[in-house]
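Engineer: Sequence:
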Amino acid sequence: MSVCVSYFLVLWRNQNDHVWWKYRKTKEFWQRIQKWLEEMLGHKIEFKPEFSLLGIITEKYNKEEIYLIIHVIMAARLAFSQMWKNK
2 MSVCVSYFLV LWRNQNDHVW WKYRKTKEFW QRIQKWLEEM LGHKIEFKPE
52 FSLLGIITEK YNKEEIYLII HVIMAARLAF SQMWKNK
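Per my numbering, residue 2 is the first one in the sequence shown, and the count goes up by one each step.
Treat each hint with caution, since some may be false.
List of simulated lysine-lysine pairs, DSSO-like, C-alpha gap at most 30 Å [said to hold, decoys possible]:
#1 Lys64 <-> Lys49
#2 Lys26 <-> Lys49
#3 Lys36 <-> Lys64
#4 Lys61 <-> Lys45
#5 Lys49 <-> Lys28
#6 Lys36 <-> Lys61
#7 Lys45 <-> Lys64
#8 Lys28 <-> Lys45
#9 Lys61 <-> Lys28
Because the hints were derived from the structure by calculation, they are not lab data.
Based on the provided sequences and hints, a complete structural model is requested.
Structural biologist: Listed below in structure tokens is the structure:
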């Protein structure tokens, strides 16, 4: 991981974590996405902020699962930001 990405992660964890994870509706949104992904994959997944917001996948998945996860997460981020923007 580059120094720039590492710095961004530290900054992000210290300042913006609350925006994406502490609001009730936000938690509910990401919990629905997690449940949906688990149903599609057929097993439990660990859902962390860096997983859903930055696409950092630390668990071992096959190529098809990674492809699915990345695209679902990307669509969820876009949908979430559009909902946030429209309110």
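Engineer: Does lysine 61 pair with lysine 28 here, judged by a C-alpha cut-off of 30 Å?
Structural biologist: Judged against 30 Å, a Cα distance of about 24 Å means the pair holds.
Engineer: So if I understand the rule, the pair passes when the alpha-carbon distance is 30 Å or less; does lysine 36 with lysine 61 pass?
Structural biologist: 18 Å, holds
Engineer: Does the structure keep lysine 45 and lysine 64 at a Cα separation of 30 Å or less?
Structural biologist: Given pair lysine 45, lysine 64 holds - Cα atoms ~17 Å apart, limit 30 Å.
Engineer: Run the distance test for lysine 64 versus lysine 49: straight-line Cα separation, threshold 30 Å.
Structural biologist: 20 Å, holds
Engineer: Going straight from one Cα to the other, do lysine 26 and lysine 49 come out at no more than 30 Å?
Structural biologist: Holds, at roughly 17 Å.
Engineer: With the threshold set at 30 Å, check whether the alpha-carbon distance from lysine 49 to lysine 28 stays at or below it.
Structural biologist: With a Cα-Cα distance of about 11 Å, the restraint between lysine 49 and lysine 28 holds, given a limit of 30 Å.
Engineer: Regarding the pair lysine 28 and lysine 45, is the alpha-carbon distance no greater than 30 Å?
Structural biologist: OK: lysine 28 and lysine 45 at ~17 Å, within 30 Å.
Engineer: Do the alpha carbons of lysine 61 and lysine 45 lie within 30 Å of each other, as the hint requires?
Structural biologist: 12 Å, holds
Engineer: Is the hinted pair lysine 36 and lysine 64 satisfied, with a Cα-Cα distance of at most 30 Å?
Structural biologist: 20 Å, holds
In summary, the structure agrees with every hint in the numbered list given earlier.
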